[in-house]
Amino acid sequence: MLQRDIEVKLLRTLMAVVDENGFAAAAQTLHVTQPTVSQQIQRLESIIQAPLFQRAKRPLRLTPAGREVVAHARRVILLNNEVLSKLSTLHSQKSFSMGCSVHFADGLRSMLSQLAVERPHLRCAMATGLSAVLADQLAQGELEAALLLGTETPRCETLGRLRLAWFGEVPLVAGDRFPVALVSERSALSIRIVDTLAERNVPWRSVPWCSDPLSVRASVQAGLAYTALPADTHHNHPALRPAPLGALGPAPEPLPVYLAFSSSAPEPVVDAARAVARATLKGLPLSPP
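Numbering (UniProt numbering), first residue to last: 1 to 289.
Just so you know, these hints were derived from the structure itself, not from any lab.
Backbone N, C-alpha and C fix where the C-beta goes; we use that ideal spot for every residue, glycine too.
Be aware that a few hints might be false.
Taking CB as the label site, the calculated pair distances span [claimed, not checked]:
no. : residue 1 : residue 2 : range
1   : Pro244    : Pro268    : 23 to 31 Å
2   : Val117    : Arg74     : 18 to 26 Å
3   : Glu7      : Ser110    : 20 to 28 Å
4   : Val32     : Lys282    : 47 to 55 Å
5   : Ala275    : Ala174    : 38 to 46 Å
6   : Pro171    : Val117    : 42 to 50 Å
7   : Ser113    : Arg58     : 36 to 44 Å
8   : Pro238    : Asn201    : 30 to 38 Å
9   : Ala247    : Ser85     : 41 to 49 Å
10  : Arg177    : Ser85     : 28 to 36 Å
11  : Pro35     : Val270    : 46 to 54 Å
Let the sequences and hints guide you as you build the complete structure.
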């Protein structure tokens, strides 16, 4: 399963269409042509592999997948702007690079605020992605530290174990296999889901259009698939419904959370990364290591 990334530019175009209630008005707001807006929306739909708008209806209406993307798009755009704003003036200040698993992205806003208060002279250049990819970047020296889910490295600390739960509610008939949304074949969470289903002999099939956390949540909210996520995910994303009790059996076992470092990361970076990790993980359903 290929990993896909959603460009912030495409999310900006989507929000312009929604806010201006049409492609033509969005084109004027963005100072581009209407075909350009249409092409960017089509590109976004190809990434999530689901339509965003019910084009046959007037006025323009969002599909369930479209509503889910919009719900997250504003936060992604705001976070992107906030990170760029905070980092643009830091060229002369000491900084360090750190990766964060996409599964912990909800905690980035509070982390940035807390870091600015606790360590105003030490700045964090943050990158998000799959833990396996971040671990590769760590090994190659592209990152100095990373907060990883289920992916251990030669130099790391175990911070706890993330409790999981099943989410989704899909109408099925007798003999149907459970549709399951997975992020990537390299994702530790996806591997844990697959292993759990195999151990319990649960008949299932992979939903082919899911390739990133955004499309996974969209497919679950739309009633098209099940998946396992951090046990409190529905608190931040109310549209996600916990799966009916017993539908897929007990939740997968918790996944270890690691704070990993490059081989050359100095102690000040290690110390700062620990502060970042504490702020990012605050409130998550973690059990002791």
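Okay, Ala275 versus Ala174 on CB: inside 38 to 46 Å?
Given a distance of about 53 Å, which is not inside 38 to 46 Å, the answer is violated.
Return holds or violated for the Cβ distance of Pro35 and Val270 against the range 46 to 54 Å.
Given range 46 to 54 Å: holds, Cβ gap about 51 Å.
Return holds or violated for the Cβ distance of Ala247 and Ser85 against the range 41 to 49 Å.
Distance hint for Ala247, Ser85 holds at roughly 44 Å.
That 42 to 50 Å hint for Pro171 and Val117 (C-beta), does it hold up?
Taking Cβ atoms as reference, Pro171 and Val117 lie about 48 Å apart, which means the hint holds.
Okay, Glu7 versus Ser110 on CB: inside 20 to 28 Å?
With Cβ atoms ~25 Å apart, the hint holds.
Does the Cβ-Cβ separation between Arg177 and Ser85 fall within 28 to 36 Å?
This hint is violated: roughly 47 Å between Cβ atoms.
Given the range 30 to 38 Å, decide if the beta-carbon distance of Pro238 to Asn201 lies inside it.
holds, 33 Å
Does the hinted range 47 to 55 Å hold for Val32 and Lys282 at CB?
violated, 40 Å
Is the distance from the Cβ of Val117 to the Cβ of Arg74 consistent with 18 to 26 Å?
This hint holds: roughly 25 Å between Cβ atoms.
Could you check the hint for me, namely that Pro244 and Pro268 are 23 to 31 Å apart, CB to CB?
violated, 49 Å
Look at the Cβ atoms of Ser113 and Arg58 and judge whether their distance stays inside 36 to 44 Å.
holds, 42 Å
Checked against the numbered hints above, the structure breaks hints 1, 4, 5 and 10 and satisfies the rest.
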